[in-house]
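Taken in order, the sequence shown gives residues 1 to 358; the numbers are from full-length UniProt numbering.
Keep in mind that the hints were calculated from the coordinates and are not lab data. Beta carbons are placed, not taken as given, at the ideal position from N, Cα and C, and that holds for glycine. One thing to keep in mind: the hints can contain errors.
[As the list claims (entries may be wrong)] The calculated label-pair distances, taken between Cβ atoms and stated as ranges, are:
| no. | residue 1 | residue 2 | range |
| --- | --- | --- | --- |
| 1 | Trp239 | Asn110 | 34 to 42 Å |
| 2 | Ala54 | Thr190 | 16 to 24 Å |
| 3 | Lys167 | Leu82 | 44 to 52 Å |
[Said to hold, decoys possible] Straight line, CA to CA, 27 Å or less: simulated DSS-like cross-link-like pairs of lysine-lysine:
| no. | residue 1 | residue 2 |
| --- | --- | --- |
| 4 | Lys81 | Lys214 |
| 5 | Lys202 | Lys214 |
| 6 | Lys167 | Lys259 |
| 7 | Lys81 | Lys63 |
| 8 | Lys25 | Lys109 |
| 9 | Lys259 | Lys166 |
| 10 | Lys202 | Lys81 |
| 11 | Lys63 | Lys109 |
| 12 | Lys202 | Lys109 |
| 13 | Lys63 | Lys214 |
| 14 | Lys259 | Lys109 |
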Amino acid sequence: METNLKGNDGGFDICEGYHSYRSRKTLFIIGLVAAIIICIGIAASSGSADVALADAYNSILGKIFPESFESSWTAEICLWKLRFPRIFMALFTGIALGVAGCAMQATLKNPLADPYMLGVASAAGLGATIAIVFGAGILAGTYAIIGNAFLFSLIAAGIIILIGEKKDGSAEAMILTGIALMFFFQAVTTFIAYFADSEAVKSAMFWMVGDLGKVSWGDFYFVIPIVAVVVPVIVWKSWDLNILGGGDESATSLGINVKHFRIMIVALSSLLVAGVVSFVGAIGFIGLVSPHICRLIIGGDNRFLIPASGLMGAVFLIIADTIARTALSPVIIPVGVITAFLGVPFFVYLILFGRAKC
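Sequences and hints are given; from them, build the entire structure.
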């Protein structure tokens, strides 16, 4: 009887420990959601035109509850015409890059893997450069750059997937292929830019470091569906990513087709990156740093780490864009420059002093 009681107490302790384990991670994710709400308000009220913080929130809530919340006419024009498009694009782009980076690190088992290691962003840069310098694109008008960037991103992803298929889903083969493609696309882009006029080169370079300034509400008709479909699928597969972390042989013994699963995750991550990079350019470090920050705080359980990385990416990018708009106002710095300034020292700090928790 005494043994049974001890066994029951032990089982209770295990259950209590597991609930505590889940609660800590869930609270962290809830905290990130709250941080996003705060960052959106601060970003909306920051800039050369004065907008009160209350007006920023009232303007958003007024779209949902028009009879209960009102904001000034000036705030409405300033926010919905100028600031909110780039703020909400920063939100969706940060989520996409954070989730894609975390998924790639998990499936390729490489802590330095990110959306740019596989050459997707470099391919997008080449496509955009061709549209800017030669005016040649698969779409006409203002969407020529976007169309080319998206197409070339998919081409890079397709090459990686084909080689991954041929090499039985080998993580090493996919990483090495991505690195080779990255350098190849960068070399071709540099070659084209070398013979282009100065204005075209300036436009191409501005796009390649990342810019949220040219975002319009029409862009969201393309970005939101991709993020809304792909992110839940990756989160849904997070348990399988946990199993894959135990090794390919272990995952195979538990019924996972490692080859097809790895190719699927890389394809989904590449599609996610292509969908946002085509509109905002190659914004670096979000997909690399965000998963590491979250892993340091909540550990490596992908069920929590993947959504947390997406939310952390959104917080990071909204803050970076706010700094880009206000640091040298009225001059706007490309947001990719700010993410690099913030990301590089923080990443070095993580390498030197960071230890992930379980």
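Cross-check of the supplied hints:
The hinted range of 34 to 42 Å is not satisfied by Trp239 and Asn110, whose Cβ atoms lie roughly 20 Å apart. Checked against the given bound of 16 to 24 Å, the beta carbons of Ala54 and Thr190, roughly 49 Å apart, lie outside it. In this structure the supplied range 44 to 52 Å holds for Lys167 paired with Leu82, their Cβ-Cβ distance being about 48 Å. A hinted pair counts as satisfied when its Cα atoms are at most 27 Å apart, and Lys81 with Lys214 qualifies at roughly 12 Å.
The suggested pairing of Lys202 with Lys214 holds, with an alpha-carbon distance near 15 Å, which does not exceed 27 Å. For the hint linking Lys167 to Lys259, the alpha-carbon distance of about 9 Å falls within 27 Å, and the restraint holds. Pair hint Lys81 plus Lys63 holds up; C-alpha atoms about 14 Å apart against a cutoff of 27 Å. Of the supplied pair hints, the one linking Lys25 and Lys109 holds, its CA atoms being roughly 22 Å apart against a limit of 27 Å.
In summary, the hint linking Lys259 to Lys166 is supported, as the alpha carbons are separated by about 10 Å, within the 27 Å threshold. Annotation: proposed proximity of Lys202 to Lys81 holds, straight-line Cα distance about 26 Å (limit 27 Å). The hinted pair formed by Lys63 and Lys109 fails the criterion: a straight-line CA distance of about 44 Å is larger than 27 Å. The hinted pair formed by Lys202 and Lys109 fails the criterion: a straight-line CA distance of about 37 Å is larger than 27 Å.
Pair hint Lys63 plus Lys214 holds up; C-alpha atoms about 23 Å apart against a cutoff of 27 Å. At most 27 Å may separate the alpha-carbon atoms for a hinted pair to count; Lys259 and Lys109 meet this at roughly 14 Å.
When each numbered hint is compared with the structure, violations occur for hints 1, 2, 11 and 12.
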